[in-house]
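Protein chains in written order, with the working numbering: chain Z, 1 to 135; chain G, 1 to 417.
Hints are computed from structural coordinates only; laboratory data are not their basis. Hints may contain errors.
[What the hints assert, rightly or not] Below are the SDA-like pairs computed for lysine to any residue, each with C-alpha atoms no more than 20 Å apart in a straight line: (1) G/K170 x Z/T67; (2) Z/K123 x G/R172; (3) G/K170 x Z/M59.
[Claimed, not checked] Stretch by stretch, here's where chain Z covers chain G in the computed footprint (C-beta under 8 Å, at least three residues): (4) 133 to 142; (5) 169 to 177.
Cβ atoms here follow ideal geometry from the backbone N, Cα and C, with glycine treated the same way.
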Amino acid sequence: MRYLCLIYLDENELGAMPEKEMDELNARHLRYNEELLASGHFVEAEALQPAAAATCVRMRSGKAALTDGPYAETKEMVAGFYVIEARDLNEAIQLASRLPSAPLGTVEVRPCRDLEVEGVAYKASRKSRGRTFES
Amino acid sequence: MASAAQAPDIAAVVDSVYRTESRRVLATLIRQLGDFDVAEEALHEAFVAAVEQWPVDGVPDHPRAWLITTGRFKAIDRLRRRSKHEVALDEEGLERIEAIADPSLPGEDEGLEDDRLRLVFTCCHPALAPEAQVALTLREVCGLATEEIARAHLVPAPTVAQRIVRAKAKIRDARIPYEVPGRGELDERLESVLRVIYLVFNEGYLASSGEALTRHDLSTEAIRLAKLLVELLPEPEAVGLLGLMMLHESRRAARVSPQGDLVLLEDQDRSKWDHAQIADAVRLVEAALASRRFGPYTIQAAIAAVHAQAPDAGSTDWAQIVGLYDVLADLQPSPVVELNRAVAVAMRDGPQAGLVLVDAILGRGELGDYPLAHAARADLCRRLGRAGEARASYARALELTTQAPQRRFLERRLAEL
């Protein structure tokens, strides 16, 4: 089963991190990615630019309303994410807890679900094996 | 055919079997069928079948095994009968369930023991909300009805029902596995289980507000649950927690006056203590301490044991208690532990020494809203003859206390000044 791991970090703390420490953190993440790939748990992962680089898009009455910044005003922001394949929640928690960023912030582990169209299940992610939607 | 005279006997037998075996049967059915609700339905149908068939065929030699097999077959029937439009038939899953072979000999029972342990750890999974862990455990492991759980927590029954429904949904949707954690995760996960058990016990021991000072049933349930846990998994902290709860319980009769008023430990009639229970508890605590793998519950139990073994309040070994608080403060540093230690220091070294420590805590801005901190300070000031300060602290404690017996106690102390 696939789980999304959202990595929440305090942006101020992240911004104040010395470059050398940041490099080490990134290197640890890349090494962890290799581990996950080798063990077959890796589906996808991305590091994100800070929330200041984000744009919020809302379509209302056919018009795009754009605003600068993240959707939620909280201290911790999404800094990156992983999609992992795990046997069950306990395994997902184990994998998430070993993420190099985990000691610095919070990792939200959320199960992914298949989308259902007329009673048939489809996986949204193309990276997973399984039924894909063809019109 | 069974005569009409035998029918009530069978009903009594089924009743007795329900009381002693239903939780174990449920735990195994959950494992075999992979779903709480399906298992509960199966359990119900198995007992209905027992009531119908045992008068005819006689009570089986191994009722638990019979109920498990019957429940499983009923579940298979039910799953097959469901309309294909309602839910996609999980053929693979069904075949797996149908292939389960029951142990032919009663000795092959060990799987059944682990099932109750699996159930406890699943219900107390930290991914579930804490109130949900408590409700689910009381319902599935202890077999309490939703209404009973609701009444005990002074919470509406639909709220409890909702918590349980959500917890089961989370177990299903997030795929929380039905298993006993491996050695690596055991300590952490056990902490969660022990927390739930102690929460249940404390709900029973001290109502959070209102008149009644004790709610007997939940405390008894918590002790029963801890005994089961210790039987299945004799980890030192589980043993320590059981000892701690038994020691609290042993003072039940002496803790409340006939008028429903609070009786302090130092004023309790120790002849009313359950000394047999104390002896049992002390043995458990000593075993837990001997393991050298003990934790906070064990130390708290050791402190309670020192109190329990003193023939009167004056003989209490306060030096040992302070020493134990030093260990506890190390294991589980918290302002409340510090406060309790300060009270013990006051007993060992005099009120002035204790007051210095209490003021240090309050001075740091901690426990300002904790009534017992102010009550402790008031008591120390009273003993030092500083009546004005004592009055102020009692008043502050009263502002923060909602429970009637505690309020009466504080008001009495205030009046005595």
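Earlier hints that do not hold, by number = 1, 3, 4
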